[in-house]
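Trainee: For the sequence shown, the UniProt record's numbering gives the first residue as 1, with consecutive numbering after it.
Among the hints, a few may not be true.
Unchecked claim - Cβ-Cβ distance ranges computed for the label pairs, FRET-style: (1) Ser306 with Leu149: 39 to 49 Å; (2) Glu143 with Glu85: 38 to 48 Å; (3) Leu226 with Asp284: 18 to 28 Å; (4) Gly301 with Leu181: 11 to 21 Å; (5) Val307 with Pro150: 12 to 22 Å; (6) Asn195 with Arg137: 20 to 30 Å; (7) Lys66 with Pro150: 34 to 44 Å; (8) Lys30 with Asp197: 45 to 55 Å; (9) Thr144 with Asp57: 22 to 32 Å.
To be verified - Keeping only pairs whose Cα atoms sit at most 27 Å apart, straight-line, the calculated BS3-like set for lysine-lysine is: (10) Lys64 with Lys126; (11) Lys253 with Lys174; (12) Lys30 with Lys126; (13) Lys71 with Lys30; (14) Lys66 with Lys253.
These aren't lab readings, by the way, just hints derived from the structure by calculation. Quick caveat, the model's predicted, so the values are computed rather than measured. Cβ coordinates follow ideal geometry from the N, Cα and C atoms, glycine included.
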Amino acid sequence: MVSPHGEGYDVAFDYGDRTGYEPISDTDRKEFHEQGFLLLRNVLTEDHRAALEAAVDRVYAEEKAKGNTTKDGTLHLLGFLDRDELFGDLLTHPIAFPYMWGLAGWNIYTHHNHLDVTPPALEPEKPYWGWHQDGYRQNSDPETMDPNLPRPMFSLKVAYVLSDLSETGRGATKVIPGSHLWNSLPRPADTTVHNPDPEGTVEITANPGDAFIFDRRQWHSRSTNLSTITRKMLFVGYTYRWIRPLDELHIDKDGEWWANRTPVQRQLCGEGTHTANYWGINWDGYIDDEIPLRKELKERGLLDRSVPWLR
1 MVSPHGEGYD VAFDYGDRTG YEPISDTDRK EFHEQGFLLL RNVLTEDHRA
51 ALEAAVDRVY AEEKAKGNTT KDGTLHLLGF LDRDELFGDL LTHPIAFPYM
101 WGLAGWNIYT HHNHLDVTPP ALEPEKPYWG WHQDGYRQNS DPETMDPNLP
151 RPMFSLKVAY VLSDLSETGR GATKVIPGSH LWNSLPRPAD TTVHNPDPEG
201 TVEITANPGD AFIFDRRQWH SRSTNLSTIT RKMLFVGYTY RWIRPLDELH
251 IDKDGEWWAN RTPVQRQLCG EGTHTANYWG INWDGYIDDE IPLRKELKER
301 GLLDRSVPWL R
């Protein structure tokens, strides 16, 4: 059943009057720009979280049967959104989505998304250095010769926490707050031995149903799951429509999943009327007011010329 808000949500998941179009606060925007990430509490209702976990468990069983997990049972599945109706609806989640358009604007889509299941490690933690920024060539191609000038954000992710990561040692993501403004991070000379995490490291401990948002430039690392709890996460990345996709979505455009997507969700899956449309214009050079997310924000009075990406 589609909600009265028109965003594809089953009314069983009660988010009150939240529509996904409530502007974020200046405080949250300031913290994100300064720290490079935001931890959001109680983003998923418990019945929604449980339903998502059941969907993850189903997909995990399917992938394991195909031999697509590692020997310890870890799964890192790219382009997962069309594997369940619930996953598609995450694109416009009523609490998380305002942070996507509020921090990146209306000319966005999902270029990269992954489903992660990390069982307890089978053996003690081995030495590794997993610190990195997302984006691959985005960390080189647009860089200036000035090492003190941060690269552009280009993309951000929202990570939905489905399992109990409230204590350290459960495989949670580690970040260095504020490091999104650094173009480099010193790497130990010898990574075959255990090295301490960089100064300022924070392991994002979170409860089931929480979520966190991070700038792709944020220096972050995986961690080993040394607990008895299986870590289950859903990551949805958003970038500008003029950037090519990183993951390939194999969407059946004649199927029920696509038929159930709203115009905004279809934009977020990469739909566009023509090549110029991805750049936020019409062929005549004017802003295209029919781009679904821009149209929605305009009708709700949420465009803001004081925010460049919301013009």
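Trainee: Tell me if the straight-line CA distance from Lys30 to Lys126 falls inside 27 Å.
Mentor: Violated: Lys30 and Lys126 sit about 37 Å apart, past 27 Å.
Trainee: Please check whether Ser306 and Leu149 have a Cβ separation lying inside 39 to 49 Å.
Mentor: violated (24 Å)
Trainee: Look at the Cβ atoms of Lys66 and Pro150 and judge whether their distance stays inside 34 to 44 Å.
Mentor: Given range 34 to 44 Å: holds, Cβ gap about 41 Å.
Trainee: Quick check on a hinted range of 12 to 22 Å for Val307 and Pro150, using CB atoms only.
Mentor: Once the Cβ atoms are compared, 19 Å apart, the range 12 to 22 Å for Pro150 and Val307 holds.
Trainee: Holds or violated: Lys64 with Lys126, Cα cutoff 27 Å?
Mentor: holds (24 Å)
Trainee: Would the hint linking Lys66 and Lys253 be met if the CA-CA limit is 27 Å?
Mentor: holds (25 Å)
Trainee: Has the given pair, Lys71 with Lys30, been kept, meaning a C-alpha gap of at most 27 Å?
Mentor: This hinted pair is violated, its Cα atoms lying about 43 Å apart.
Trainee: Regarding Leu226 and Asp284, is the given constraint of 18 to 28 Å on their beta-carbon distance met?
Mentor: About 59 Å separates the Cβ atoms of Leu226 and Asp284, which means 18 to 28 Å is violated.
Trainee: Between the alpha carbons of Lys253 and Lys174, is the straight-line distance 27 Å or under?
Mentor: violated (37 Å)
Trainee: Could one say that the CB atoms of Glu143 and Glu85 fall in the range 38 to 48 Å?
Mentor: With a Cβ separation near 40 Å, Glu143 and Glu85 satisfy 38 to 48 Å, so the hint holds.
Trainee: Is the gap between the beta carbons of Gly301 and Leu181 within 11 to 21 Å?
Mentor: violated (33 Å)
Trainee: Quick check: does the Cβ-Cβ distance between Asn195 and Arg137 fall within 20 to 30 Å?
Mentor: holds (27 Å)
Hints 1, 3, 4, 8, 9, 11, 12, 13 from the earlier list are contradicted by this structure; the remaining hints agree with it.
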